[in-house]
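Line order of the protein sequences matches chains L and A.
If you read the first sequence in my numbering, its first letter stands for residue 225, the second for the next number, and so on.
If you read the second sequence in my numbering, its first letter stands for residue 525, the second for the next number, and so on.
Keep in mind that the hints were calculated from the coordinates and are not lab data.
A virtual CB, placed ideally from N, CA and C, is assigned to each residue, including glycine.
Treat each hint with caution, since some may be false.
Unchecked claim - Quick list of the computed label-pair ranges, beta carbon to beta carbon: (1) A/630 with L/645: 52 to 60 Å; (2) L/397 with A/628: 55 to 63 Å; (3) A/588 with L/514: 22 to 30 Å; (4) A/662 with L/462: 21 to 29 Å; (5) L/386 with A/559: 35 to 43 Å; (6) L/524 with A/535: 42 to 50 Å; (7) L/256 with A/668: 31 to 39 Å; (8) L/629 with A/630: 34 to 42 Å; (9) A/567 with L/549: 58 to 66 Å; (10) L/557 with A/588: 37 to 45 Å; (11) L/557 with A/598: 47 to 55 Å; (12) A/545 with L/382: 30 to 38 Å.
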Amino acid sequence: MSARVFVPADSSALSVGADAVAAAIEAEARRRGIDVAIVRTGSRGLFWLEPLVEVEGAAGRLGYGPVTPGDVAGLFDRNFLTGGAHATALGRVEAIPYLARQQRLVFARCGVTDPLSLDDFRANGGLQGLQRATTLSPDAIVDEVVASGLRGRGGAGFPTGIKWGAVRNAQADQKYVVCNADEGDSGTFADRMLMEGDPFLVIEGMAIAALAVKATRGYVYIRSEYPHAFAVFSRAIEVARAAGVLGANVLDSGRAFDIEPRLGAGAYVCGEETSMLESIEGKRGLVRVKPPLPALSGLFGKPTVINNMLSFASVPWILANGAKAYAEYGVGRSLGSQPFQIAGNVKYGGLVELAFGPTIRELVEDFGGGTRSGRPIRAVQVGGPLGAYFPESLLDTPLEYEAMTRVKGMLGHGGIVVFDDSVDMARQARFAFAFCAVESCGKCTPCRIGSTRGVETVDRIIAGDDRPKNLEVLRDLCEVMTDGSLCALGGLTPLPVLSALDHFPEDFATAPRRAAAE
Amino acid sequence: MTAAAAFDVTLARAIIARKQSTPGAALPILHDLQHAFGYIDDAAIPLVADALNISKAEALGVVSFYPDFRRAPAEGRVMKLCRAESCQANGCEELVAHLETKHGIAPDRPKPGAGLQVETVYCLGNCALSPAALVDGEPVGRLDAARLDAIVSAGQASAQ
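Same shape as in the complex, but just chain A (with noise of 0.2 Å):
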């Protein structure tokens, strides 16, 4: 993934103004500041109402409705772990233990300075290969202790 610009509010803007006019602008507009930034900023909350013409109500209730929009940054790279049907049928649970006894690291509780971010997601559309992840959008099948075990060193190595 490429590093997160800073937030900041005159790039925010340009980058809002960019999809302005589209109809229904707010999800891509989103996509994009959390793309640039890598989270969506408070600050940006009423710039995006501004353009849009909604309350800052209506653009918070859209940021918080979907699990994507990231209210602060990640906490180093983020794995997204599926635990649907399929991947629980091939042990993604016994992974999850896995990596709560082994690392410290439970899904959807960032921990600072772990250099790895997982959070919870129902299918990626990997289940022949269950169990499947997406890392930093690159994605994982067959997953299995030893795999997981080397995601963690290399979020590891890069929070360092």
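The shape of chain L in the complex, shown without the other chains (with noise of 0.2 Å):
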């Protein structure tokens, strides 16, 4: 049998030349006679790491990281391929302290298979959450669910379970699941690594909870900021159509259930569900006025239950080990576990799965090792362009719904991006200003307009026009956006604002910092 060499195809390894390092593998193997057999997965998410090469060795997988294609040969010379001794080896992959230290629920298989290999993903535990909801009515999936604690991952944090309830209970003759995989947050990337690295448990999440409302069809918006992910994701549809995991019927349940992958188009507003829903439809991706609820009535006017990426990610799991063990996981309402993702200016970026309830420290610092640049952190975002940014005295607070609510922010789809004592808080809060304005939809006037006058305003704040009057200006502002918008969009950009205003006013009091830290 050959020696199996497993090298990462995610977007991140690629874009750091996993390919080259693939290729350079293969050719050395090939001249030295070694019968090598690549297999490319998913990332691991320890993306400081990438390129990061893996063997199997006799007490699990061996990791050798960053390698380059200039690293090759040596990597042969030294035996790797039994585990051999290199300047990159890492020992043991799951025993690195960064990944040993996670509670991987959603992300158990991610960077360990092959993600388009079915058999690799029944190996794994994949289609065991499935094969049970098969066997369960539908009704009794929906209180699964609902006693998980299950809450959509998307940012709302609206308990799943309920929501799939009120889909089940609608009457019609067609109903649909959406999975959202519109992932525009700065900050986040964990449905791009799943689309890539395991898009068969999203795959077997939708395919639940069309058994549990009894949708037959569904839809995956991918948007088009994510290629690879898109192409990995779609062929992972036909693979599992062929093995009848999707089609005319499910697992041999006698239940149909097919999915359509759909490419957004760089509007960042199609993340909204309504306006994901109209995009779908063919339309400009205007927002929605709600009522009526997308679950009585959403896509093409039909019942719909629309999640987030990660919510139908983390069934799978609820599904095979039951509600109370996942609720086992979390604190409070918060429960199960959260993949977060750690961004910005940070020494060790990468996707860090735990149960709720770390600190907003324990991550940036002990998982993310502080600033890449290595000065003070100042401002940590969370929660993507729309979440609040948070000075070094709020990091000891923990990161579960109502919580981060306390401090006046949200987790949004876990993204926490770091910056150091180099930024402009001023200049961040003109920046949530000016892309609203940007990806605003237009339907309602407080977002619409509200976002350039945001921008207007913060520039006479920066220049100091007037500085007392125009900082009321702005809160009022930011209460009219609050208050009066649509959606999330016009409704959170106020959250980064204020976050900034109240917790770095020094910023918009004096020259711009940025001239000084210079």
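Join the two chains, each given in its own frame, into one complex according to the hints.
Right, here's the structure in full:
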């Protein structure tokens, strides 16, 4: 049997040369007459180690990273196929503290298996949840998800099981399941990693939802900034269909369910659920007024389950291991695990899945290792471009839904972006408005016009033009946007703005810090 | 990226017909058209409108709403450069300044003959290896001035 070598084909790994490393390993093996099978996997999410090459050892997989094509001949010289010593050797991958300290329920297989091999998926626990779901009544599936305490991982945190129950009880000739993979928040990449590293997990979660609400058609809306994820996920759907996981008879249950992948077209607002529905229907991504709720009148006017990709991806574990086991993870009303994503100016950026409740500091310091620049941390933005900026004094806030709300922030999709002391928070507040102005769908006035007025007001404050009056205007504008916007884009843009203003008032009172820091 | 064909009404009609009966076909069709021709030609808009039984205004509205759909062919290779928060924290704006001062290339302002068109995007999901870009669909992580210079040179070479 040939030796197996695992090289990630995850976009992040590709962005630092994983393809070239795979090609070099293949060429070197051929040159030496060694029989090697290269398996392209997803990423483990330890991105500073990419490209992270793994081989099979007696006690588990052994890692080498980051590997360059120039390292490859040396790796063969040192017999890396049997775990030989080398400057890039990391030992047993699962013993690397960054990984060993995690609680990986959703990301258990990501970076381990061949993402397009259903055999690999099954051999590592895949399809157990769906298999069990085929033996349950729709109500029993919904009850299981309710009991797990799972809340929507897209940011709003609405109980997933309750949403499914509403769709389950709606009467219609057609129902839909829609997966939101329009992962537009800066600092987030968990959906992308799953699509590229364990796509069958998402398909399994969506199929369970379909059985629970009696839907027969599903859509996955994937942003166009993720071309590799779209390609891998589309292929995974074909593989699942050919194997009878999707199609007319899901796992011989007698129930039909199929999925169509849809490519977005660069609009951030299409991550908002009703805007996404409009986009799938072939229209401009204008936000809809609610009610009616999509659960009753969603895609093409039919009852629709819409969940974030991470919500669907959490469901197979719940069905396979039971709601009670899932609810043992987490704290308070934030149950289960959350895949956090550490990014920005940080030494060890990556995917960290933990039960809810670790502090921001544990993630950015213990896991992240502090800033990449070596300068002190000044601000940490949690929850994407609509999330709050926290100062050092709030880094001990636990990462769970209610605690984040108490400090006027939100967890969002679990993205954490670190800034060092060279950041100018007035510029960041300006960017929040500018981003909203670019991405606004234009349907409601507070968002469409307020965002532009916000940029202008922050510009006046930065320029020192009647600061007290303009700061008052800024707060007033934020109130109007919060209370008057149709969706979270306009409604939450004030969150980063006000947090910057409240926690870093000095940046709004003096000449821009950037000049001083340089 | 594969070389785009010159716009051709017959080919456009055939592309549109392939997905015409898909529910909510507008985005899939527009992506296919852009893939084939490199942009959405004005002449394609009435064809799409006709096939989907929507008004020309609605079809144009869809094309113009989404940043991805280009109304004219790109000037050479396309680099989508991330300028969102994680990349900001890692100096993407310094890279934008470098592009302008050293190469005279500004984001979102195509320059004839530059061989490279730079487009602003907000997040490519490569935030742990910021600053990030996507060059003709291929991801680039830990972008720095040297790698940027190499991408610009490769674009110039392909333009000649």
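Is the gap between the beta carbons of residue 386 of chain L and residue 559 of chain A within 35 to 43 Å? With Cβ atoms ~41 Å apart, the hint holds.
Does the Cβ distance between residue 630 of chain A and residue 645 of chain L fall inside 52 to 60 Å? Roughly 29 Å apart at Cβ, these two residues miss the hinted range, so it is violated.
Distance restraint hint 58 to 66 Å, applied to the beta-carbon atoms of residue 567 of chain A and residue 549 of chain L: 59 Å, holds
Cβ distance range 47 to 55 Å for residue 557 of chain L and residue 598 of chain A, holds or violated: Holds - the Cβ-Cβ distance for residue 557 of chain L and residue 598 of chain A, about 49 Å, lies within 47 to 55 Å.
Outcome for the supplied range 34 to 42 Å, where the beta carbon pair is residue 629 of chain L and residue 630 of chain A: Holds, at about 41 Å.
A range of 21 to 29 Å was offered for this pair. Does it hold for the Cβ distance of residue 662 of chain A and residue 462 of chain L? 23 Å, holds
Is the distance from the Cβ of residue 524 of chain L to the Cβ of residue 535 of chain A consistent with 42 to 50 Å? 30 Å, violated
30 to 38 Å was suggested as the range; check whether the CB atoms of residue 545 of chain A and residue 382 of chain L agree with it. For residue 545 of chain A and residue 382 of chain L the Cβ distance comes to about 35 Å; the hint holds.
Beta-carbon spacing of residue 256 of chain L to residue 668 of chain A - inside the hinted bounds 31 to 39 Å or not: 34 Å, holds
Residue 588 of chain A versus residue 514 of chain L beta-carbon gap, inside 22 to 30 Å or not: 26 Å, holds
Does the Cβ-Cβ separation between residue 397 of chain L and residue 628 of chain A fall within 55 to 63 Å? 59 Å, holds
Just tell me: holds or violated, for the beta carbon distance of residue 557 of chain L and residue 588 of chain A against 37 to 45 Å? This hint holds: roughly 43 Å between Cβ atoms.
Checked against the numbered hints above, the structure violates hints 1, 6; every other hint is satisfied.
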